[in-house]
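*Asks:* Heads up: the protein sequence lines correspond to chains V and F, in order.
Under our numbering, the first residue of the first sequence carries the number 1, and numbering increases by one thereafter.
Under our numbering, the first residue of the second sequence carries the number 362, and numbering increases by one thereafter.
Don't read these hints as lab results, they were simulated from the structure.
One or more hints might be untrue.
Between beta-carbon pairs, the in silico distance windows are [said to hold, decoys possible]:
no.	chain 1	residue 1	chain 2	residue 2	range
1	V	241	F	523	29 to 37 angstroms
2	F	560	V	40	39 to 47 angstroms
3	F	597	V	167	28 to 36 angstroms
4	V	35	F	560	23 to 31 angstroms
5	F	485	V	167	43 to 51 angstroms
Note that beta-carbon positions come from the ideal geometry of N, C-alpha and C, so glycine has one too.
Now for the letters of each chain:
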Amino acid sequence: MTVLPRWVDIALIPAINLVLAFFVSGLIVIWIGENPLIAMQVMLNGSIGSAYGWGYTLYYATNFIFTGLAVAVAFHARLFNIGGEGQAAIGGIGAALVCLHFGWPHWTLAFPAAIVGAAIFGAAWAAVPAYLQASRGSHIVITTIMFNFIASALLVYLLVNVMKAPGQMAPESRSFPAETHLPTAHEMFAWIGVSFPRSPPVNVSLLVAIAASATVWVLIWRTRLGYAIRAMGWSEPAAIYAGIRPFRIIMVTMMISGGLAGLMAINTVMGEAERLLIDSVQGAGFVGIAVALMGRSHPVGVVLAAVLFGMLYQGGVELEFEMPAVSREMIVVIQALVILFTGALENMVRAPLERIAAMFR
Amino acid sequence: MDFATVIQLLDSTLRLSTPLLLACLAGLYSERAGIFDIGLEGKMLASAFFSAAVAAATGSALIGLAAGTAASLALAALHGLASITFRGNQLISGVAINFLASGLTALIGQNWFKLGGRTPALSGDARFLPIDFYFSDTLSTIPVLGPIYSELLSGHTLMVYVAIAAVPATWWVLFRTRFGLQLRAVGENPEAVDTAGLSVTALRYQASLICGLLCGLAGAYLATGMAAGFIRDMTAGKGYIALAALIFAKWRPGYALLACLLFGLLEAVAIRFQNIDVAGVGTVPVQFMQALPYILTVVILAGFIGKAIPPRAGGEPYSKERA
């Protein structure tokens, strides 16, 4: 096997895969009978053409950074955590309990507590499949898928029977107290005298997401634990030989992963809805898979890919508005194609490039 | 609970188990050949959409079935391309296929019919109609056996009987034919199959396509047999329940039937009774019933009730040359 130059590996291959995914998406748009270039222009305009668009793009990106990091951390130990969706839903319960059951005087106190609550709940939900993988050898992909469904049933049960606000029909918790309101970009920019549109829900959680990315980078590449995680991912027998205990690494990695997915709740549940809804995750857990694959499991890549998917989500809303023939599901198709080309069909692009690289050696 | 209710419950169990069973057997072929397939859901969904769309356009359920199966086969071929030819990650490929199907069916559905992702309601020959057994009307008056014959066994659509017949057929193919032996060998030890001069690639593609075919039948049944048309994301996790049933059945056809009937029964009970009062336990919430297949699968996977051991080479792409 030929070793590819670094820039080919981290920049060229993802770029080619992305172009392929967009090319096929373009063909689908043509097939529907619309002009893909105009569609792309509408999406770009809607997502990054205005402060308003940026506000939504970054709101979505915040979710995807958390779920993308969650998948990426697990990938480093060669674990495929497909359960981000469930872990984020359960993280929402954690954040909601923290916001509802303590009399917080100010958001600066409620926020760290909600971060801890969401992360612990997410981590706990990932801990069960992790334990089953580590000690009983149950395939983590299957158990995390099952746990997504169990989480959604649990959430519905809790919202219908336990946490539902009294005197209302919709399965939602009551609204969080005003003191737990997180500052949005509108409010934060106002502190420094800059005006930013009021409606986009992007909030202080974005900063937490950026901090989480930096922390993950330090964890994976600058700590002993990170080394152990990567060693496990490269070769489990070698890791065992080096005195690394797989049980411990699987548990810790999955709980970090679940905690990161759970953190998404501070953005959606606490930051945006300000109450617990039945479907606040809305597929973001799965987008995390695409984001981690595109970002090559590197925090910088994850942040870039998350912003790209934020653009797709926000642009997709605008696209549906401007071009009714292309409905929002176009985003799901693009997402699927990105996963397909960057994940499953990666060798299609890599193998020819390796052959070319071999010629120039 | 009286006898008539039991019969009705079992009747709907049979109906609800059918798509699970077809998809479960689909997964059985694929996974026995060493290809993990979490894309059962997507293939069913694609088939459900195209079978309903084409049946609506042509007025023929059979042409719809052909179209749906073709869509499912196309996705199966894509899964094969990714996981056999390009030796990609089979799980990631499955995830991609599920999203592709979910997105494309809604997108095309809205574009073609402008009904918010639905297809027009099907009626008459555009649906698979119930097949009534001989004398089911006359015999229904006989106590006990009458209702069992005329309500439980008779009066289902073709696909229900096809699904049940597929169970012994699958057993026979896998365990009594040369092809079946090769298929199982390629899932346990592809090197040995390769050494024997057989093509690992060809066998795995065949398994993938059989999987696509059966998922196609499952999807067509959902949209043109059980329901009268396609609605968005109508598989609603059935592909994953089928996957769960496959593990529950430990990759064996006979147990697959039992597992699918069990999960179908759970669904039928959840639909009919919502919250159930169990003496001494209290009320069992409907959400628990819905989550039960997944919980049971996790318990099985954890090895607390017997050990579920997947085919040994499952999930591993096969490469001839040594790296």
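*Asks:* For every hint, state whether the structure bears it out.
*Replies:* Verification of the supplied hints:
1. 241/V - 523/F: 29 to 37 angstroms: violated (53 angstroms)
2. 560/F - 40/V: 39 to 47 angstroms: holds (43 angstroms)
3. 597/F - 167/V: 28 to 36 angstroms: This hint holds: roughly 31 angstroms between Cβ atoms.
4. 35/V - 560/F: 23 to 31 angstroms: At 44 angstroms between Cβs, range violated.
5. 485/F - 167/V: 43 to 51 angstroms: Holds, at about 47 angstroms.
The structure is inconsistent with the numbered hints 1 and 4, although it conforms to all the rest.
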